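Under the numbering used here, the sequence shown has 346 at position 346, and the numbering climbs by one with no breaks.
Please note that a few of the clues may not be correct.
Unchecked claim - Taking lysine-lysine pairs in the DSBU-like style, the calculated list, with each CA pair at most 35 Å apart, reads:
(1) K331 with K387
(2) K387 with K430
(3) K430 with K331
(4) K331 with K419
(5) K66 with K205
(6) K205 with K60
(7) K419 with K430
(8) K387 with K419
Unchecked claim - So the derived label-pair ranges between C-beta atoms look like this:
(9) R125 with A270: 41 to 49 Å
(10) A68 with G89: 20 to 28 Å
(11) E182 with D439: 51 to 59 Å
(12) E132 with E75: 28 to 36 Å
(13) Q134 with A91: 18 to 26 Å
(14) R25 with Q130: 30 to 38 Å
(15) A22 with G93: 21 to 29 Å
(16) D133 with R73: 34 to 42 Å
(17) S94 with V343: 31 to 39 Å
(18) R353 with V174: 24 to 32 Å
(19) A68 with S375: 54 to 62 Å
(20) A270 with S375: 33 to 41 Å
(21) A270 with S94: 17 to 25 Å
(22) R258 with G74: 38 to 46 Å
Simulated from the structure, these hints should not be mistaken for laboratory data. Predicted model, so just to flag it, every value in this text is computed and none were measured. Note that beta-carbon positions come from the ideal geometry of N, C-alpha and C, so glycine has one too.
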Amino acid sequence: MTSVSSHLAAVLLGCALCAQAAEIRVPVDHRTIQAAIDSARSGDIVLVSAGTYRERIALKPGIQLKSAGGGVRGEHGLARAESTVIDGGGADGSRTPGVTMAEGATLDGFTITRVGLYDDARWRRSWSAQGEDQSHDHIGHFGVPGIAVIGANCRVVNNIVHHNGDLGIAIRGVEGGECSPEISGNTSYRNMGGGIGSMMGSTAKIDSNHCFENFYAGIGHDNASPLVTNNHCHNNIRAGIGISEGASPTVRGNRCHRNRRAGIGIRTGADTRPVVEDNDCDENEMAGIGVEEDARPTIRNNRCRRNRLAGIGCASARPLLEANQLEGNHKAGIGISGRSNAVLTENRCFANRLVAVGIVGESEATLRGNTLSRSGGAPPIVNIGPKARALLEGNEIQGGGVAGILVGGHLVASGNLLKGEGRGTGILLKQGSEATLADNAISGYRMNVRDQRK
Numbered sequence: 001m002t003s004v005s006s007h008l009a010a011v012l013l014g015c016a017l018c019a020q021a022a023e024i025r026v027p028v029d030h031r032t033i034q035a036a037i038d039s040a041r042s043g044d045i046v047l048v049s050a051g052t053y054r055e056r057i058a059l060k061p062g063i064q065l066k067s068a069g070g071g072v073r074g075e076h077g078l079a080r081a082e083s084t085v086i087d088g089g090g091a092d093g094s095r096t097p098g099v100t101m102a103e104g105a106t107l108d109g110f111t112i113t114r115v116g117l118y119d120d121a122r123w124r125r126s127w128s129a130q131g132e133d134q135s136h137d138h139i140g141h142f143g144v145p146g147i148a149v150i151g152a153n154c155r156v157v158n159n160i161v162h163h164n165g166d167l168g169i170a171i172r173g174v175e176g177g178e179c180s181p182e183i184s185g186n187t188s189y190r191n192m193g194g195g196i197g198s199m200m201g202s203t204a205k206i207d208s209n210h211c212f213e214n215f216y217a218g219i220g221h222d223n224a225s226p227l228v229t230n231n232h233c234h235n236n237i238r239a240g241i242g243i244s245e246g247a248s249p250t251v252r253g254n255r256c257h258r259n260r261r262a263g264i265g266i267r268t269g270a271d272t273r274p275v276v277e278d279n280d281c282d283e284n285e286m287a288g289i290g291v292e293e294d295a296r297p298t299i300r301n302n303r304c305r306r307n308r309l310a311g312i313g314c315a316s317a318r319p320l321l322e323a324n325q326l327e328g329n330h331k332a333g334i335g336i337s338g339r340s341n342a343v344l345t346e347n348r349c350f351a352n353r354l355v356a357v358g359i360v361g362e363s364e365a366t367l368r369g370n371t372l373s374r375s376g377g378a379p380p381i382v383n384i385g386p387k388a389r390a391l392l393e394g395n396e397i398q399g400g401g402v403a404g405i406l407v408g409g410h411l412v413a414s415g416n417l418l419k420g421e422g423r424g425t426g427i428l429l430k431q432g433s434e435a436t437l438a439d440n441a442i443s444g445y446r447m448n449v450r451d452q453r454k
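Build out the structure end to end from the sequences listed, making use of the hints.
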């Protein structure tokens, strides 16, 4: 009887709380959104009719702030979000975000715009320069965002954030607290910061957002570890998704295309260790996925196609590359440069314009079980530069060019299958190179091994 009584008491208490929750309407009950929030209690719903509200607002814990209307789509998001506008007033000197979230609060279905100054001329100059005129680090800059989440577990859903003077949506953790908001279904574009920024230990769930034409990255990370899934990031001046300064997010199932730099950019330090998997990175102006500055990501099962540089490019980094598909990129399928130390397993590189895999600088790379091919053209399938070192075991290498493997540095190769399609050489050893070769099966080339070292 005790357990039954306790359950009944809990149900009755829940019903009582539900009965106490109120719906407060704007502008019927209050003329401004902030006045309605100030009158509300935790659990209440503030329902806002279509219109433009020239104010900046701060939510209270447990309040649901929602625009009136249903699920009809408009041009950039829900129609109710497009018609219910929070206008921050432009460059009014205020350091207050457009919307400041609170613990347990919900922001659902608003346009947030003109929080700070949007500078179109500066945006266009930076677009033309591919972001080269920007200072190096801006992912971790909180600034005065359109929507601010500071140390709160809350929901930011179905909003449109555009033409603001800083970050569109900013998420910042606080020392000793949890910051795991849900950020989903939002559209963030033409902001003078990134579209969405996650920083300072936050662990948000960033899902199914649309981020485009932002001044920095579509979604940026600085020392944060969110779950980033199913987002669409394109035509941003920097990367579609940027990861730096010790950030270790899981980045899965996103589409990053036609960004002015990399589709996904990863950099700055050995503590930057994201897992990047099952993303599509196409037609970006630099690499599909770019890694540099000693970052140590796991990059697997991604598809990088028709990017202007490499499908995956690594400069002085230590990536693990597993089962990625690199197709039709304008340079290499995978490029390893600087002082990188890379492990490549079961990747497929085909129809890239230059090499399938290039290992240059003072880099070291281990290749196991990869399928590397290209028809026609002069470049080799695998190129190992004069100061580079490579271990190749059990790879399948097929195609045209001067060589299946061109060795300028140091090579250890065993158990590889090389199938030529022209007059090149299976393994071509250049002057100054070193090679240890065992049990490689070579066919279809004019010469299996050619030694120019003598």
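Hint check results:
1. Our distance criterion of 35 Å between C-alpha atoms is met by K331 and K387, whose separation comes to about 20 Å.
2. Among the hinted pairs, K387 with K430 is consistent with the structure: their alpha-carbon atoms are about 12 Å apart, no more than 35 Å.
3. With a C-alpha separation of about 22 Å, the suggested pairing of K430 with K331 holds against the 35 Å cut-off.
4. Pair hint K331 plus K419 holds up; C-alpha atoms about 22 Å apart against a cutoff of 35 Å.
5. Only pairs whose Cα atoms come within 35 Å are accepted, and K66 paired with K205 is accepted, the gap being roughly 20 Å.
6. Among the hinted pairs, K205 with K60 is consistent with the structure: their alpha-carbon atoms are about 21 Å apart, no more than 35 Å.
7. In summary, the hint linking K419 to K430 is supported, as the alpha carbons are separated by about 20 Å, within the 35 Å threshold.
8. Between the alpha carbons of K387 and K419 the distance comes to roughly 26 Å, so the proposed pair stays at or under 35 Å and holds.
9. Distance hint check: the CB atoms of R125 and A270 are about 34 Å apart, inconsistent with the given range 41 to 49 Å.
10. A C-beta distance of roughly 23 Å is found between A68 and G89, which places it inside the suggested range of 20 to 28 Å.
11. Here the CB-CB span from E182 to D439 is close to 54 Å, well matched to the stated 51 to 59 Å.
12. Evaluation of the 28 to 36 Å hint for E132 and E75 yields a pass: the beta carbon distance comes to about 32 Å.
13. Taken as a hint, the range 18 to 26 Å holds for the pair Q134 and A91, whose Cβ atoms sit roughly 20 Å apart.
14. The given range of 30 to 38 Å is broken by R25 and Q130, whose C-beta atoms sit roughly 47 Å from each other.
15. Here the CB-CB span from A22 to G93 is close to 35 Å, at odds with the stated 21 to 29 Å.
16. A hinted range of 34 to 42 Å for the beta carbons of D133 and R73 is consistent with their spacing of about 36 Å.
17. Between S94 and V343 the CB atoms are about 50 Å apart, so this pair departs from the stated range of 31 to 39 Å.
18. Between R353 and V174 the beta carbons are some 48 Å apart, a value that contradicts the proposed interval 24 to 32 Å.
19. Checked against the hint of 54 to 62 Å, the pair A68 and S375 passes, with Cβ atoms roughly 59 Å apart.
20. Checked against the hint of 33 to 41 Å, the pair A270 and S375 passes, with Cβ atoms roughly 39 Å apart.
21. Under the hint 17 to 25 Å, the C-beta atoms of A270 and S94, about 39 Å apart, miss the expected range.
22. For the hinted restraint 38 to 46 Å between R258 and G74, the CB-CB distance of approximately 23 Å leaves it violated.
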